[in-house]
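Asker: The listed protein sequences derive, respectively, from chains A and B. If you're matching positions, the first sequence starts at 0 in numbering that gives the first Met the number 0 and goes up one per residue. If you're matching positions, the second sequence starts at 0 in numbering that gives the first Met the number 0 and goes up one per residue.
It should be emphasised that the hints constitute simulated quantities derived from the structure, not laboratory data. We treat Cβ as the ideally placed atom computed from N, Cα and C, and that holds for glycine. One thing to keep in mind: the hints can contain errors.
Across the chosen pairs, the derived CB separations fall in these ranges [stated by the list, open to error]:
1. A/W28 with B/S95: 44 to 50 Å
2. B/G77 with A/G327: 33 to 39 Å
3. B/I174 with A/Q75: 44 to 50 Å
4. A/L62 with B/G30: 51 to 57 Å
5. B/Y69 with A/I119: 38 to 44 Å
6. A/A139 with B/D132: 23 to 29 Å
7. B/G143 with A/A299: 49 to 55 Å
8. A/R93 with B/P237: 26 to 32 Å
9. A/V321 with B/Q246: 29 to 35 Å
10. B/S39 with A/R93: 46 to 52 Å
11. A/A63 with B/R229: 45 to 51 Å
12. A/Q75 with B/Y69: 46 to 52 Å
13. B/A2 with A/A55: 34 to 40 Å
A few chain B residues facing chain A, derived, Cβ under 10 Å [what the hints assert, rightly or not]:
14. V45
15. V51
16. L157
17. G170
18. L171
19. T175
Below, each chain spelled out in residue letters.
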Amino acid sequence: MGLTVERRGSARTLVLSGRLDAASVARLWSEVVREAAAARRRALILDLAGISSWDAAGTALLLAAERAHGGSVELQGASVEVAEALARLRQAPRPAPAHTDTLGWLYRGLAAIPGGIAFIGEAAVAAVRLPRRARLFRVADVLRHADEGGVRGLPLALLLGFLIGLILAFQSLVPMRRFGADIYVANLGAIGLLRELGPLLAAVILAGRTGSAFAAEIGTMKVNQEIDALITLDLDPMTFLVLPRLAASLLVMPALTVVLELAGLVGMAVVLMSSGIPFAAISHQVTAWVAPADAIGGLAKAMVFGLVVAGIGCASGLSTGVGPRAVGQSATAAVVGGIVATILLDGLFAVVFYKLGW
Amino acid sequence: MSAHAVEVVGVAQAFGARTVFHDVSFEVETGEVFVILGGSGCGKSVLLSLIVGLRKPTAGRVLVLGQDMYAGDAAAHGVALRRIGVMFQSGALFGSMTLLENVLLPLEMYAKLPREAREAVARAKLAQVGLADAADLMPAEISGGMAKRAAIARAMALDPPVIFLDEPSAGLDPITSAGLDALILELRRTQGTTFVVVTHELDSILAIADRCIMLDRAAQGVIARGDPRRLREESTNPTVHAFFHRQALAA
């Protein structure tokens, strides 16, 4: 395909020739649109007499030239088929402007707020009505989700906990030793793990493994119309799908947290013992300085984190759009949303605990 | 109490500024096979979703067995749902359950039967649709035609008086499709079940429908109603004529 630009009186004429197909259009698109835009204040003629063949890409190019020019465009030498195809394309609605990538996440985040509030309300109503709908709440499902989210997550909790304890103790030991305060690394590590890192990391594990799984599983059910099937069978999805997952997460989070914290303490002890501090001294520091409130507060936080992470996973699944890509997006939203919500809540807990004097 | 199995009164549906259809009204008599037909994108499946209680219409009322699907409390809505069966276009079988478990689920939730009896009923339902040997298979292990049969078995689990089928023949070979048509007619004959079927498969429409309505995307509503065989022979509406004679419409 070739393009020649001619001036015929006051009009600018774009003479197109040869094949007007996808390959040639790709080569000439920018040039044609630029020339058409440059003729904004003049008449534009598209001379198509030399076109030997065309396809949809060619029609799209002609429309793009028309729109770039913005005024009336005269088609010369166009076959009836080309003119008709262009007329049909003109009638097609223009796509809505996409939100820019910069603001897209913000827009999507804000748009999800009403849905999130509705989800919390529906889940609360389902929980209140549970005694009357007890048969819809299948204990076997709770155990299955607890197994998948908790028991199968234990090795990861052990590994991460041990490594975090190890790293925390090692990184703290070097500066503390300069002040002769090696022994206080045990206090720092124990309190840090029990109050903060244990619940936080357990929530991250839950979000990565279980929240995403909830979103993908429920999202796939939504795409396959299985949620609609549940509704028409009078099986409330909130009671049937969401509550068992929330209950399972509520149950497994304390266990995951305790395992992670114990592994972390072991990791910390390994570092301290290898630096010459006896186990008895480490044990004494931990038991003397760690109050039951530290452990209880951490476990309470963990349970709330578990509920929120599971809720965000289920809500993401239930709001899944159409197609397999939507399932992937829901799983991603579940992980990101779960982690962000956990950290925000952790900040809130820090303020509340401070005010309570814990 | 309404005398009709299904009564749709002045129903309209719009998504934002786009109207799918408006002022759609019809009644389905007890024991008949009623077909909602029309070209792709005319709103057949949307209309079905309104009738079975999945989406509240923008305007109008839907009564199924005398119960308004969008009025009354949650308990009344639940009772209404348990008196209908729905087969979705994809089958919508629960992917993590076997075919037997799929059919058992509504029985476990709502049938007051001993466990052995529930399983026996579920197996009988599967046998009724020709899937006695496939009870322990997962949905991913069966063909599209088998999935639709299993979905019909699940829809029949509680012996509902009205069953709704969304595109039962879509994507099936002619033999399997004819088998499903025969199954619908057999269930109507043996159990007196009322069927509301959404489809655009001409052969199927002519084989099973007692009456039909035809939706049209351009008209945003019903453009024909009655016996499909008579519509094929007598309708002067160009869209109806083109549909029944497989002709392209002039632009």
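Asker: Given B/V51 was flagged as interface, is its beta-carbon under 10 Å from a beta-carbon of chain A?
Answerer: Since the shortest Cβ distance to chain A is 5 Å, the answer is holds.
Asker: At a threshold of 10 Å, is the proposed contact between B/G170 and chain A supported by beta-carbon distances?
Answerer: 15 Å, violated
Asker: Do the Cβ positions of B/S39 and A/R93 conform to the proposed distance bound of 46 to 52 Å?
Answerer: 23 Å, violated
Asker: Assuming the hint says 26 to 32 Å, is it satisfied by the Cβ distance from A/R93 to B/P237 or not?
Answerer: 30 Å, holds
Asker: Looking only at beta-carbon atoms, does the pair B/G143, A/A299 fall within the given range of 49 to 55 Å?
Answerer: Taking Cβ atoms as reference, B/G143 and A/A299 lie about 50 Å apart, which means the hint holds.
Asker: If you check the beta carbons of A/L62 and B/G30, does the distance land in 51 to 57 Å?
Answerer: Once the Cβ atoms are compared, 54 Å apart, the range 51 to 57 Å for B/G30 and A/L62 holds.
Asker: Could one say that the CB atoms of B/Y69 and A/I119 fall in the range 38 to 44 Å?
Answerer: 24 Å, violated
Asker: Given the hint of 46 to 52 Å, check if A/Q75 and B/Y69 actually sit that far apart at their C-beta atoms.
Answerer: 58 Å, violated
Asker: Taking 44 to 50 Å as the stated bounds, is the beta-carbon spacing between B/I174 and A/Q75 within them?
Answerer: Since the Cβ atoms of B/I174 and A/Q75 sit about 56 Å apart, the hinted range of 44 to 50 Å is violated.
Asker: Could you tell me whether the CB distance from B/G77 to A/G327 stays inside 33 to 39 Å?
Answerer: Holds, at about 34 Å.
Asker: Can you let me know if the beta-carbon spacing of B/A2 and A/A55 is within 34 to 40 Å?
Answerer: 53 Å, violated
Asker: Falls inside 45 to 51 Å, the C-beta gap from A/A63 to B/R229?
Answerer: 50 Å, holds
Taken one by one, the earlier hints fail for this structure at numbers 3, 5, 10, 12, 13, 14, 17, 18 and 19, listed in ascending order.
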